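Residue numbers (my numbering), protein chains in the order written: chain A, 1 to 115; chain B, 1 to 636; chain C, 1 to 537.
The set of hints was computed from the structure by calculation and includes no laboratory data. This one's a predicted model, so the numbers in the text were calculated from it and none came from an experiment. Where a beta carbon is used, it is the ideal one built from N, C-alpha and C, also for glycine. There may be inaccurate statements among the hints.
Stated by the list, open to error - If you only want the chain B side, here are some residues facing chain A, beta carbon under 10 Å, derived:
#  : residue
1  : I220
2  : L247
3  : L248
4  : P252
5  : S291
6  : L293
7  : F301
8  : I349
9  : W351
10 : A352
11 : M360
12 : S363
13 : F367
14 : F368
15 : L475
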Amino acid sequence: MADSIEEIQKSKKTYLAVFGALLVGTVLTVLVAEAPGWLYWLDVGEHGFDKWDAIVGMLIAGTKASLVAVIFMHLNHEKKLIYWVFFGAIFFFACLAGLLALAKGSPIFDYLFYK
Amino acid sequence: MSAKAASHDSHDHHDDHADHHHNPGWLAKYVFSTDHKTIGIQYGITALLFLAFGFYLMMVMRWSIAYPHQPLPDWMGWIFSDTWKSRWLQDGKVTGETYNMFGAMHGTIMVFLGIVPLGFGAFGNYVTPLQIGAVDMAFPKLNMVSYWTYLAGGLVMCASFFMESGAAKSGWTNYSPLAGFADGQIVNQWLAGQTQWLIGLVLLITSSLLGSVNFITTIINLRARGMTWMRLPFFVWAMLVTGFLLLLAFPPLEAAGIMQLMDRVAHSSFFMPSGLFTKADGLADLAGGGSPLLFQHLFWFLGHPEVYVLLLPAIACVAEIIPVNTRKPLWGYKSMVYSVLILGFLSFIVWAHHMYMTGMGSSVSTFFQTTTVLISIPSVVIITALLISLWGGSIRFTPPMLWACAFIPMFGIGGLTGLPLAFNLVGLHLHDTYYVIGHFHYVVAPGILFGLFAGVHHWYPKITGRYTNSFLNHLHFWPSLVCMNVLFFPMLVQGMAGFHRRWYNGGDAYLEKAADSANVFGNIVREHIDLNIVMSYGAWALAVAQIPFIINFLLAWKMGRKVENDNPWDATTLEWATPTPPGHGNFTFDVAIYRGPYEYSRPDCDKDYLPQWQVPDKNARVSEGESEVAASKDTH
Amino acid sequence: MEIPYIFTPRKDTGLVNSKIAIWLFLASEVMLFGGFFSAYVYLRLGADYPWPERSLPVLPGLINTFVLIASSVTVVFAWAALKMRKWRQFQVYMAITVACAALFMVLKGIEYYLKFHHQAVRLHDYSIVEGHLGYEKEDGKLVLDRKGHPIEENMIRIKAEKISFSTKRYHAAWVEEMLAEASHHQAEINLEADITLVVEEGKPAIEIAKAGAPLSLELLNKIKDVHIAALAHNSQLRTVALREAWKTAHEANPGKKDRELSEGVGIDMEALKPSMLGEIPSVTFVVASPVELLFKPRDIKEGPSSSTLRDDTVITGKMEDSPMVFHYVDAIDFQWLVMKAEKKGIAAETAIENSWLMKNHDFVREAWEWHLKQTAKKQKALNDRYGFKKDGTPVRVLTEKELYRMGWKDLAEKGVDTKGVKISGFDKLKEEFMGPNYDARGNETFEELSVPRDQIRYASKFTPSWNNYYAIYFTITGLHGLHVIGGALVLLYYLLFGRKMYLSNPEWLANRVEVGGLFWHFVDLIWIFAFPIFYLM
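Next up, chain A with everything else stripped away, as it sits in the complex:
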């Protein structure tokens, strides 16, 4: 991480830029979800909430979260070990969420069987 004073001064500008980006991202999420007035064209997918709204919303949230993790939490220059630990956890979270969704999505009571 930035240790010298100049570097820290420089990175303070980055922090402010990220701050701006996060604010913009937040407003954007709300606008995409609400699509008020003349911004109706922001309503992706069907009218109202649907999976596309969820995908876009999560993409924006993911980007914001990455910005926080990479810049604020200094993951852009962190030790290998930290990457292993943190991304390992995220991988196992993905396993949990993914397999749970899969289990929900494949019921043994296949409706074709009972049709």
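Assemble the complex: chain A is given as a structure, and chains B and C must be docked to it using the hints.
Same frame as chain A, but now just chains B and C:
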């Protein structure tokens, strides 16, 4: 500088040190200690007490199974007051409700309060920092908090035995909606046993979270000079993997526990489906719309890694004891290390093999069946490596070695009986039968507990400066070995006959039907029901067999044979380089590591062991992988 | 003894201990919140009811997001200030961070408070009414409970004649509440019959209490003690007797198994009788002049002539009309009703027409007809913009929520439209935070409604018990709130007590603040996901 010299020299220095810098009061030294060794001993003793209590609960259950018509004998019932017995026993007989309570708490206590704290908490705490050459854990105060949180969690859980509701009664897995409804009659839900169980669980998970963060940090950052990754004793590797399992697998259960707590105290319906109806209360006054399966998923996401949290410390102890007592290196150290890493990884994605019968979906079942079969490979690699390590060794049957030798076949039976359960189709027949009980008790009782007994005897001389008594140990070991098998093998037989694991009267209710010869199941029950009595006698005998251990454990502390030196087993790993018992700060010399952990019977050495910390002789041939100046190449 | 690598990184790993530890901790937190978010996905995918989409006011959530992001920036600036050895700057930034945390919690607290005081009820036909309950009044004045709080008009009223307590368990607070209510009505609750029991083996029975003794906790406790002692004594006797019986049976039939003998082995209760003590499983009190007692619906299983409390107390007496009275109805929701109807092949309109609400309440019908006009207008606007598909159906259609739910904003608009209820701009802005302004809009917009007890399928405040959306919302945000508080306390500690650390080794404090900051960013990170998931989806 030889090992003995090293520690002897600095023994004086140590005393010196202690006098000047570290002279805490009795309370700070023995109760609120931040020293990893004291905390390890606290963990160990607490865990052994909980194990004894869990064992007692099991005996009451076994009485109910074997003699469902007879009152509980006085020698078992004395622990509870007459008022308690009038509430929970029917004319002195164990009722179904009480059996459920004891069953749930037996499982919980054995798993969460007994074996994990004994394996990970006690041995992990005592041995790990010593083996990596650290002065203490990375965060000593956190370590202390971890122990006290564990104790609080355990006491909260056990206190509920004496409450109006009694302790939790929904099995150690605490499945909803049963667990969501249980104790619903209690007005103040915070004082219901089922709620206390959840609060206790949250405390225990907090404790293990603090513990595992501490362990992993210690292992990563506090290794001595020259202690590279591949020079870590296998014990440390196992603890590292266990730490990660605790760190990452427990939180989803904590989430599930909090959600179930919400279900109980805030009347949410996370795990309560729509349209729940009970005979007593009619349609449940709940929002509904939740999923009982969700609880099972989150529970077993912890549940399976938990098996390895139980197992790895035991394997770790055995893997340390075998090389010392065969006087030859651990066979396949590297493959064991990689196996244990793969084991840890795979254990996160096998959980739903506990849930084949839940209607979870065939494609998902197939996935979990595959990963379950895969995970048996690293386990078999480890156990095979341990077995081969015995080959051609000059085995010393010291007390720890006896237990370690028994561990391998006993754990083998446990592991192999698990294989059929990995398969969907076999699961249809064996699910929830005594076969499952037999399988995992073989893993846990004669397997893991034998490994931990081995550990107790192995490190006892380091902890107390005295050996345990060999005769008493034989008196403990042989009956235990026999009784364990008398107790658990018939379970496999009964299970295959179809005995359900939760019959509080051992299947007695089916006998009436057996008279009708057309009732096949009733007849099968009649054929196998007498095994209940055999098993129960096994259990009583097993209880008696533990008495020599208790005597040995207590007496040897003050009266055992004194150790001749700091390294009584002539071992190579670092914990034996410390004074006996190790003082605050552990080491009395500047620790540096020069070689791998299991350098026994090297042909180029005079002695049959070459400790990790022994400075290489400049004139001797430097073998490959042995760095002369540890510090220059490695860390600091 | 000194633990190494507290402030200087170890060379090969390049890390100080605390940094490894905090990342491990965060990894564990990922799994904890991961468990909750997975549960959210699972519950939402499996929901068998209309998931309440976008049902929270967005503005407070949005502001909270800004607040948390801002605090994330200031905490990293505070760390930078330390790195540059500017103590004053560090103090300023850290103070802002902690202030942001406090602001976040205040806003969160307001949101929670409003939800906890907002009532909803699911009727038997699955239509849903939301709003604010009225309070119990007597001669125009509020009735207060034992603790001095007003009582909501959602109580089970029973004209109690007799009350039977289980002597094993009774909830002291409820007994006190009954006594208070009875004394409020100048009624007496007295013991029905004499209690005369054998309390010592072989001695004659003695009188424990006389008929007519007034109900009190002391009396109940006394009877309970006697009963429990008798139970213990008697059960011990029976145990010994059964054990003897088995002994005799075994001696008489050597080699026989228990199960072959069990039929013939039993306790000779007659022989035991002289040594048994008197048990009294329940004790009955008579209400001198039958008086109306109020019970919370969750505490009681009500019946027409006898009801049971959760502590097994049986109240004998007629159940009176116990409606749930909304003082202000602020939403009517037919989504679930429509969902159920469509499953049965009934058209949505028919189902709504036949609902209890439409049949019994004119204002609901009026509102629904107004709502139909509004939705037609909205659909037309969509058609004008997006046109029709080849088969003649519109490209974009209104959502179920828009079609079948009349939320408070719809009702408010209707009030403006049909009744001309206008409220000031400031009140309107406030509504975006606090929800509907009942005082300003009044009963013209939000009407009164009384739901008879037998129409209620399920009722709850907007707490975790209302449905799983609120359950997971409160659980995740509540846990997140605890993290905010914990993190803020740690940062506050560095702000207030970090000076000493700073003077002894500024790098040490910088490390600590970095670690605390990492946790803080993680808390922010969770919120970044929680906000869209709970407020916008």
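Hints, verified against the model:
Hint status for I220 of chain B relative to chain A: holds, with the closest Cβ pair at about 7 Å, below 10 Å. The interface hint given for L247 of chain B holds, since its Cβ lies 8 Å from the closest Cβ of chain A, which is under the 10 Å cut-off. A distance limit of 10 Å between C-beta atoms decides the matter here; for L248 of chain B the minimum to chain A is near 5 Å, and the interface restraint holds. Given the 10 Å rule on beta carbons, the hint for P252 of chain B holds: about 6 Å separates it from the nearest Cβ of chain A.
Hint status for S291 of chain B relative to chain A: holds, with the closest Cβ pair at about 8 Å, below 10 Å. The beta carbon of L293 of chain B is positioned within 10 Å of a beta carbon in chain A (closest approach about 8 Å), and the interface hint is therefore held. Annotation: F301 of chain B was flagged as interfacial toward chain A, and the flag holds, the nearest CB pair being 6 Å apart, inside 10 Å. With its C-beta approaching chain A no nearer than about 6 Å, I349 of chain B sits inside the 10 Å limit, and its interface hint holds.
The restraint placing W351 of chain B at the interface with chain A holds, with a minimum CB-CB distance near 8 Å, inside the 10 Å limit. Because the closest C-beta pair between A352 of chain B and chain A is about 7 Å apart, less than 10 Å, the hint holds. Proximity of M360 of chain B to chain A holds as hinted, the smallest CB-CB distance being about 5 Å (cut-off 10 Å). Annotation: S363 of chain B was flagged as interfacial toward chain A, and the flag holds, the nearest CB pair being 5 Å apart, inside 10 Å.
Below 10 Å, beta-carbon pairs count as interface contacts, and F367 of chain B has one with chain A at about 8 Å; its hint therefore holds. Satisfaction of the interface hint for F368 of chain B is found here, the shortest Cβ-Cβ separation to chain A being roughly 8 Å, below the 10 Å cut-off. Checking L475 of chain B against chain A: minimum C-beta separation of about 46 Å lies over 10 Å; hint violated.
In summary, the structure is inconsistent with hint 15 from the numbered list given earlier, while agreeing with all the others.
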